[in-house]
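Novice: Residue strings, one per chain:
Protein chains: 2
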Amino acid sequence: MVVGCIPEWEDKLLLCRRAIEPRSGLWTIPAGFLENGETVIEGAKRESFEEARARVEILGLYTLFDLTHVHQVYLIFRARLLDDHYMAGEETAEVKLFEEKEMPWDEIAFPSIKKALTLYFQDRLTGVFPLHTGTIPPFKKI
Amino acid sequence: MVVGCIPEWEDKLLLCRRAIEPRSGLWTIPAGFLENGETVIEGAKRESFEEARARVEILGLYTLFDLTHVHQVYLIFRARLLDDHYMAGEETAEVKLFEEKEMPWDEIAFPSIKKALTLYFQDRLTGVFPLHTGTIPPFKKI
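First to last, the protein sequences are chains A and B.
So for the first sequence, the working numbering puts the first residue at 1; every next one is plus one.
So for the second sequence, the working numbering puts the first residue at 1; every next one is plus one.
Because the hints were derived from the structure by calculation, they are not lab data.
All figures in this text were calculated on a predicted structure; none of them were measured in a lab.
Hints are not guaranteed to be accurate.
Residues from chain B that face chain A, not an exhaustive set, calculated with beta carbons under 8 Å [to be verified]:
#, residue
1, G37
2, E38
3, L61
Heads up, the beta-carbon is just placed ideally off N, CA and C, and yes, glycines get one too.
Modelling step: build the complete structure from the supplied sequences, incorporating the hints.
Specialist: Written out as structure tokens, the structure reads:
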């Protein structure tokens, strides 16, 4: 099981540029495998700190994606940065806040993350963020 | 990861009396470990069929519980029986529809299931079933 969050700061989102494979050099949100003994919310907070040195408040579950081809379930929460202190963690090359118009849509590391971020900006138009569930198909190499 | 559902039929819920350990003889909802290659919704449907020979429509995710002491995440969906055909599966001693006033509260097999069912009847008073998240502590032996 993978847990992660979409960290908000004002009208911006915090993204991390990956420093490790797979998909090194591309952008993603803080996310990673749930560890034994932690709750899903603790896992999402831990990943935010490990990858972006960011402290977040978790707002609610936002997406539940099945990645059956890799036997993974992805839980992504909405979150809010507690302050604007952040920096790249060990597995991260760069951390940056993006406004919607600045989003690096062609350089998002994973289809599941691109899907979650796309839904986020759609829902932000109405201010209502329902839980989205679905299946993410295998990644197609270009 | 464990997936299950609360199957509704009119104003009743379908429960299964366990024929296997742990907690043999006590009542629960259809639930079990997610299998490789299936989605969480497919898993919840499969468990309903395996344990109660019941075909269900999944209505939505209802609870997300962390059972950190056993390194499990429990996803419970609301569901609706597609018809009133059901019978005990191999690991089930008995399957029965319960009205709220008939619920065997003192014979529910697991704290996570008792919690989900308790929330369900609370929410049913308003007709609104939000996602509930939380941590279920270790089971205390009496």
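Novice: Hey, does the G37(B) contact hint survive, CB to chain A under 8 Å?
Specialist: G37(B) check passes; min Cβ-Cβ to chain A is 5 Å, inside 8 Å.
Novice: Holds or violated: the hint that E38(B) contacts chain A, with Cβ atoms closer than 8 Å.
Specialist: Constraint on E38(B) satisfied, holds at 6 Å.
Novice: With a cut-off of 8 Å, does the beta carbon of L61(B) approach a beta carbon of chain A closely enough for the hint to hold?
Specialist: OK, holds: L61(B) within 8 Å of chain A, min 6 Å.
Hint violations for this structure: none, all hints satisfied.
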